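Chains as they are written, first to last, in the working numbering: chain B, 5 to 320; chain S, 5 to 254.
Treat the hints as calculated values from the structure; they're not laboratory data. Hints are not guaranteed to be accurate.
[Unchecked claim] Now the stretches of chain B that chain S is said to cover, found in silico as 3 or more residues with beta-carbon under 8 Å:
(1) 65–79
(2) 135–147
(3) 168–177
(4) 213–225
All of these numbers come straight from a predicted model, not from anything done at the bench. Idealized CB from N, CA, C, for every residue including glycine.
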Amino acid sequence: MSAVLVVAEHDGQTLHTGVARVASCGKAIGADRLDVAVLGEDCGGVAQQAAQIEGVSRVLCLDRSENANPVAAVQAPQLAALAGTGYSHVLGPSTTFGKDLMPRVAALLGVPQVSDIMSVEGERRFKRPIYAGNAVLTVEAPAEHIVVGTARLASWPAAAEGGEADVEQAQTDAELPDHTSWLELKSAESERPDLQSASVVVSGGRALGSSENFSLLYDLADRLGAAVGASRAAVDAGYVSNDMQVGQTGKIIAPELYFAIGISGAIQHLTGIKDAGVIVAINKDPEAPIFEIADIGLVGDLFAIVPEIQAAVEGS
Amino acid sequence: MRKILVTLKRVVDYNVRVRVKPDGSGVAIEGLKMSVNPFDEIALEEALRMRERGEAGEILAVTIGGDECQQQLRTGLAMGADRALLVKREGEVEPLAAAGILLEVIRREEPDIVIMGKQAIDDDCNQTGQMLATLWGRPQATFASEVKLNGDTARVTREVDAGLETLEVRLPAVITTDLRLNEPRYIKLPDIMKARRKPLETLAADELGLTAPPALKALSYEPPAQREKGVVVDDVPALIGMLRERGFLS
Numbered sequence: 005m006s007a008v009l010v011v012a013e014h015d016g017q018t019l020h021t022g023v024a025r026v027a028s029c030g031k032a033i034g035a036d037r038l039d040v041a042v043l044g045e046d047c048g049g050v051a052q053q054a055a056q057i058e059g060v061s062r063v064l065c066l067d068r069s070e071n072a073n074p075v076a077a078v079q080a081p082q083l084a085a086l087a088g089t090g091y092s093h094v095l096g097p098s099t100t101f102g103k104d105l106m107p108r109v110a111a112l113l114g115v116p117q118v119s120d121i122m123s124v125e126g127e128r129r130f131k132r133p134i135y136a137g138n139a140v141l142t143v144e145a146p147a148e149h150i151v152v153g154t155a156r157l158a159s160w161p162a163a164a165e166g167g168e169a170d171v172e173q174a175q176t177d178a179e180l181p182d183h184t185s186w187l188e189l190k191s192a193e194s195e196r197p198d199l200q201s202a203s204v205v206v207s208g209g210r211a212l213g214s215s216e217n218f219s220l221l222y223d224l225a226d227r228l229g230a231a232v233g234a235s236r237a238a239v240d241a242g243y244v245s246n247d248m249q250v251g252q253t254g255k256i257i258a259p260e261l262y263f264a265i266g267i268s269g270a271i272q273h274l275t276g277i278k279d280a281g282v283i284v285a286i287n288k289d290p291e292a293p294i295f296e297i298a299d300i301g302l303v304g305d306l307f308a309i310v311p312e313i314q315a316a317v318e319g320s
Numbered sequence: 005m006r007k008i009l010v011t012l013k014r015v016v017d018y019n020v021r022v023r024v025k026p027d028g029s030g031v032a033i034e035g036l037k038m039s040v041n042p043f044d045e046i047a048l049e050e051a052l053r054m055r056e057r058g059e060a061g062e063i064l065a066v067t068i069g070g071d072e073c074q075q076q077l078r079t080g081l082a083m084g085a086d087r088a089l090l091v092k093r094e095g096e097v098e099p100l101a102a103a104g105i106l107l108e109v110i111r112r113e114e115p116d117i118v119i120m121g122k123q124a125i126d127d128d129c130n131q132t133g134q135m136l137a138t139l140w141g142r143p144q145a146t147f148a149s150e151v152k153l154n155g156d157t158a159r160v161t162r163e164v165d166a167g168l169e170t171l172e173v174r175l176p177a178v179i180t181t182d183l184r185l186n187e188p189r190y191i192k193l194p195d196i197m198k199a200r201r202k203p204l205e206t207l208a209a210d211e212l213g214l215t216a217p218p219a220l221k222a223l224s225y226e227p228p229a230q231r232e233k234g235v236v237v238d239d240v241p242a243l244i245g246m247l248r249e250r251g252f253l254s
């Protein structure tokens, strides 16, 4: 009998698209009960969104002012207390939110954590990538302990909508620390789709040469309804902001169509895109490693090719 | 003056591509070039900059592992750490066990700040800093891209999926580093010579009197699924044609 508790990531208004993916991972464990915990302040709206995920049994709302912003040290004691009320598994997303929070929950429970679950092989048996995805490790979590894990979002389809779970208020008597103050979040304003859930992504690398030149990619992305990403090299060079980085230490994504433009394809970048449906690579170096995993490659000068693609899609 | 503890993990070098052993019993790392985990180098660099700004005093570099890890501690000493400590333990040390050992080191050393890499590039766990902060009962600021110290607090900008988040944590605290925090310095030959004379202590993990926490069991290793080899097209019309064929760009 497994009872899975999924920790909901949200921004106060909107449930993160990853929650439905983590729910799929929970279902794969064979959960008899799949509950979602929403920690927030006035988070009823978010809880309602979670209730619509198919397969969710209950949504537990931990509504208190200390939860207004996500602080791992504040959320973890509440989740650990909730986990102790009869859950066999506690799962979060393998996003910066989940990576920050879940090890704290695991440490409070005194159990190891399974990071980046890519498949479920049994109630306590999971596959996860190591060495930037160069190897896949099958691990078994110890018997008679709660399993804590993060789900690698690109490995899991989003559970469908259409559920009608009950939303309940939950309370814990966990003692919350006051040593951490949340000050602010600066987000790059963007009307484009979210990088982690977009079906098409256009990414650029160091070969773009400047942040101005990235406008080439923004124009193409807007025509395709795509999100824009970048290699680590482009972020390090200051062409674009950190939240656009795709790869081992950035975002792991699985769009249906991925354009790698002027990206040579370091293994750390390839790790972030290998679950994409179709990968298109455009690079002037025919020996670039990106061509080893690309479905469609085009060798040449991106500054000539990208405008030509733009013209072709505009003409269609 | 603030005392800083930095952790350095010995890992297969960033530029080396590892392979799974044919029998699936592990990853073949024998004979490969080993280095300090790149995120840990960034952690040490940040500590050195704090000291150079007059914000920190002693810097202690710590690792857990076999005698071979002395090599990475010497690298840390050559970069500028004052002292190094090797906690000897053979075999895999999982994040929760590592956090328990580091907590014992913290009890002895009483640092004001612990700076660690956000993840090691071998197991890619991204857990140890958070677990250590929890066992220690102290705040954490993970994935740091900027750290400003002010009295007994640190204001830390964090690289999160949505952008840049800022937290203020009371010290002592654990900070884990992201890529853009700084660019680690290169080591000069005289620094390597000087590092030989700096103190490197060893301590057997068994002497710490810890009980091993529950651990994951590694069952088997396999190479990742390979994508099928694609095609190279000659020009943009051919590319557009293929994308249309596959149902894109309708």
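Those earlier numbered hints the structure runs against, lowest number first: 3 and 4
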